[in-house]
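**Q** Here's the letter readout for the chains.
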Amino acid sequence: MIITGTHINYYHVCKRELWLFANGIQMEHTSELVGEGKLIHEYAYPQRSEKYSEIELDGIKIDYYDAKNKIVHEIKKSDKVEKAHSWQVKYYLFVLEKKGITGVKGILEYPTLRLREEIELQEDDRLYLQKIMQEIETICRQEAMPPRIGKKICRACSYYDFCWSGEEP
Amino acid sequence: MKKNYYLFNPGRLSRKDNTLKFVPVDEEGQEQKPRFLPVEGVSDLYVFGSLDANSALYNFLGKKQIAVHFFDYYENYTGSFMPRDYLLAGKVQIAQTRAYLRKSRRLGLAQAFIEGASFNMLKNLQYYQSRQKDLSAEIDTIQSLRSQISGAQDVSALMGVEGNIRQVYYQAFDAILKDFSMPGRTKRPPQDEINALISFGNMMCYSGCLRAIHHTQLNPTISFLHEPGYRRYSLALDLAEIFKPILVDRVIFKLINKQMIKEKDFDRQLNRCLLKDSGKKSFIQAYEQRLGETIHHRVLKKKVSYGHLIKLECYKLIKDILGEQPYKPFKIWW
Numbered sequence: 001m002i003i004t005g006t007h008i009n010y011y012h013v014c015k016r017e018l019w020l021f022a023n024g025i026q027m028e029h030t031s032e033l034v035g036e037g038k039l040i041h042e043y044a045y046p047q048r049s050e051k052y053s054e055i056e057l058d059g060i061k062i063d064y065y066d067a068k069n070k071i072v073h074e075i076k077k078s079d080k081v082e083k084a085h086s087w088q089v090k091y092y093l094f095v096l097e098k099k100g101i102t103g104v105k106g107i108l109e110y111p112t113l114r115l116r117e118e119i120e121l122q123e124d125d126r127l128y129l130q131k132i133m134q135e136i137e138t139i140c141r142q143e144a145m146p147p148r149i150g151k152k153i154c155r156a157c158s159y160y161d162f163c164w165s166g167e168e169p
Numbered sequence: 001m002k003k004n005y006y007l008f009n010p011g012r013l014s015r016k017d018n019t020l021k022f023v024p025v026d027e028e029g030q031e032q033k034p035r036f037l038p039v040e041g042v043s044d045l046y047v048f049g050s051l052d053a054n055s056a057l058y059n060f061l062g063k064k065q066i067a068v069h070f071f072d073y074y075e076n077y078t079g080s081f082m083p084r085d086y087l088l089a090g091k092v093q094i095a096q097t098r099a100y101l102r103k104s105r106r107l108g109l110a111q112a113f114i115e116g117a118s119f120n121m122l123k124n125l126q127y128y129q130s131r132q133k134d135l136s137a138e139i140d141t142i143q144s145l146r147s148q149i150s151g152a153q154d155v156s157a158l159m160g161v162e163g164n165i166r167q168v169y170y171q172a173f174d175a176i177l178k179d180f181s182m183p184g185r186t187k188r189p190p191q192d193e194i195n196a197l198i199s200f201g202n203m204m205c206y207s208g209c210l211r212a213i214h215h216t217q218l219n220p221t222i223s224f225l226h227e228p229g230y231r232r233y234s235l236a237l238d239l240a241e242i243f244k245p246i247l248v249d250r251v252i253f254k255l256i257n258k259q260m261i262k263e264k265d266f267d268r269q270l271n272r273c274l275l276k277d278s279g280k281k282s283f284i285q286a287y288e289q290r291l292g293e294t295i296h297h298r299v300l301k302k303k304v305s306y307g308h309l310i311k312l313e314c315y316k317l318i319k320d321i322l323g324e325q326p327y328k329p330f331k332i333w334w
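The listed protein sequences derive, respectively, from chains A and B. Going by the UniProt record's numbering, the first sequence opens with residue 1, and the numbers climb by one from there. Going by the UniProt record's numbering, the second sequence opens with residue 1, and the numbers climb by one from there.
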C-alpha cells in the first residue's frame with residue numbers, strides 16, 4: 001500500500017477520516033474549506049515557480065521543494081491540527097532520506113496566519129513513523145469503518161455531513 | 001452555492017476563454033446578444049430548447065463536472081451528458097451490489113423508501129386537512145395501507161402497496177387544488193394540467209436525485225425498490241420517491257392555489273396536455289426556490305437546504321450498505 005502525506009496527516013486527526021479516504025470515499029469536492037485551502041496554495045507564494053519545484057516520489061507530493069537550500073515547504077490554511085501537519089512534513093523528510101536525500105529541513109507555512117514553523121527529523125521520529133505506517137495499513141485494510149470521534153474539529157471536516165447524517169430514532 | 005441553469009431559448013453554447021457563452025437565436029435565425037454564464041457557479045444545465053454545441057464545450061463541461069440534461073419538445077427527459085465518474089470506490093460498489101443481491105437487505109431498503117415516501121405523502125394530506133379540506137377518508141386509507149409495508153414478502157408485493165397508496169393520494173388532489181381537477185393519474189402523455197405538472201415535476205426531481213448520486217460513490221444503476229435497469233438510473237427513481245411529495249407536490253399545490261400558474265400556461269390538445277414555456281418557467285422558479293429553502297436539521301444541528309437533503313439521503317444509504325448504520329428514510333418532521 002502506498003502511504004501518502006495525507007494518510008499520515010489524517011492518522012493524527014481522525015482514524016475514520018483515514019479509513020474513508022483510503023477506501024475511496026472522498027468528500028473534498030463538496031467542502032468550501034478545502035476549496036479555500038486550494039486557493040491559498042495557488043495564490044500565497046506567486047513568486048515560487050511551481051513547475052520546477054513540485055516533486056512527486058513514492059506516492060508523496062511535495063508542494064514546493066527548494067533544492068538549493070534543501071527545504072521542504074508545506075502550506076496550510078490553519079494551524080488547528082498542527083501536530084498532524086508536522087508529522088506530514090516529517091514523513092516527507094523521512095521518504096526523501098530513504099531515497100538518499102539527506103540533511104533536508106521542513107518549513108510549515110500558514111500564510112493567512114503569518115506563521116511558519118521549522119521542522120526537523122529526529123531519531124525517535126523515524127521509529128515512530130515506521131510504527132504508524134504499519135498501523136495505517138492495518139486501519140485502512142480493516143473491514144468496518146472506525147467510529148466517529150465526535151470532537152469540535154468534526155464541524156470543519158468535509159466528512160461532517162457524511163458522518164453525522166441520520167434520522168432521529 | 002452553485003446553481004442550476006435552464007435554457008429555454010434555442011441558441012449556441014460555447015466555451016469562451018474559461019467561461020461559458022450562450023448566444024440565443026431568434027425565430028429568423030438571427031443571433032441575439034450573448035450571455036455569459038460564470039462556469040464556477042454552474043451546477044447543472046437543463047436544456048429545453050434546441051442547443052448547438054461542440055465537443056470543445058463538452059470537454060470543458062466535463063472537466064468542470066457540469067452535467068447537461070436534455071428534454072424533448074414534449075418535455076420528456078431524453079438523457080444527460082454526464083461528466084466522467086470521478087468518485088470511484090470499489091468498496092462501496094461491491095457493498096451496494098451485495099446489498100442488492102441479498103433478498104432481505106434489498107427488501108428492507110425498498111420498504112424504507114416506501115415507508116418514507118408514504119409518510120411524506122401523508123404529511124401533505126394532513127397539512128391540508130388542518131386547513132379545512134376534508135381528507136380524512138384518504139388519510140385513513142393511506143394509514144391502513146401503510147401498515148402493509150412491513151409485511152410485504154417481496155419487492156413486487158411492495159410495489160403493489162405503493163401503487164394503492166399513490167392512487168388514494170392522487171385522489172386527494174382534487175380536494176386540495178382550487179379551480180383544477182384531476183380525474184386520475186395519466187402519463188405518457190399527461191391528459192390534464194395537473195398531470196402535466198406532476199410529470200414535469202417528477203422528472204425534475206429524478207434528475208436532481210441522479211445528480212446527487214453522481215456526487216457520491218453510489219452507483220446509480222443499482223437500485224433496491226425499482227428493478228435495476230440497463231437504461232435508467234434506477235437508484236435515482238428510488239430516492240425520488242421520498243422527495244416527490246416534499247419537493248414536487250408541494251410546489252404544485254402552491255402554484256395552483258396561489259394562481260401562479262393558470263389555464264393559459266398549458267397547451268391543451270385532444271389527447272394530451274403539456275406545459276407551455278411560461279408554465280415551465282413558473283414551475284422551475286418555484287421549484288428552485290423550494291430547493292434553496294433551508295431548515296434547521298435536528299440531527300446535524302445546522303441549517304440545511306431542501307436540495308441538500310437529497311445528498312444526505314445518499315450518505316445514509318452509503319452508511320447502510322457499508323454496514324455501519326441502518327438506513328432510515330427522510331421523513332418531514334415539521
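Careful, some of the hints might be misleading.
[Unchecked claim] Sample of chain B residues facing chain A (criterion: CB under 8 Å; computed from the structure): (1) Ala89; (2) Gly90; (3) Lys91; (4) Ile94; (5) Arg98; (6) Gln217; (7) Gly292; (8) Ile295; (9) His296; (10) Val299; (11) Lys303; (12) Lys316; (13) Leu322; (14) Glu324; (15) Phe330; (16) Ile332.
[To be verified] Calculated pairs, EDC-like style, for lysine to aspartate or glutamate (alpha carbon to alpha carbon, straight line, at most 16 Å): (17) B:Lys319 <-> A:Glu143; (18) B:Lys178 <-> B:Asp192; (19) B:Lys328 <-> A:Glu167.
[Stated by the list, open to error] Here are a few chain A residues that sit away from chain B, every Cβ distance over 12 Å (derived from the structure): (20) Met1; (21) Leu20; (22) Lys61; (23) Gln122; (24) Glu123; (25) Arg148; (26) Asp161; (27) Phe162; (28) Glu168.
Don't read these hints as lab results, they were simulated from the structure. Where is the CB? At the ideal position from N, CA and C, for every residue including glycine.
**Q** Determine for every hint whether it applies to the structure shown.
**A** Cross-check of the supplied hints:
| no. | hint | in the structure |
| --- | --- | --- |
| 1 | Ala89 | holds, 3 Å |
| 2 | Gly90 | holds, 7 Å |
| 3 | Lys91 | holds, 5 Å |
| 4 | Ile94 | violated, 11 Å |
| 5 | Arg98 | violated, 12 Å |
| 6 | Gln217 | holds, 6 Å |
| 7 | Gly292 | violated, 16 Å |
| 8 | Ile295 | violated, 14 Å |
| 9 | His296 | violated, 13 Å |
| 10 | Val299 | holds, 5 Å |
| 11 | Lys303 | violated, 12 Å |
| 12 | Lys316 | holds, 5 Å |
| 13 | Leu322 | holds, 7 Å |
| 14 | Glu324 | holds, 6 Å |
| 15 | Phe330 | holds, 7 Å |
| 16 | Ile332 | violated, 11 Å |
| 17 | B:Lys319 <-> A:Glu143 | holds, 13 Å |
| 18 | B:Lys178 <-> B:Asp192 | holds, 14 Å |
| 19 | B:Lys328 <-> A:Glu167 | holds, 6 Å |
| 20 | Met1 | holds, 14 Å |
| 21 | Leu20 | violated, 9 Å |
| 22 | Lys61 | holds, 18 Å |
| 23 | Gln122 | holds, 37 Å |
| 24 | Glu123 | holds, 38 Å |
| 25 | Arg148 | violated, 10 Å |
| 26 | Asp161 | violated, 6 Å |
| 27 | Phe162 | violated, 5 Å |
| 28 | Glu168 | violated, 6 Å |
Going through the hint list in order, the structure does not satisfy hints 4, 5, 7, 8, 9, 11, 16, 21, 25, 26, 27 and 28.
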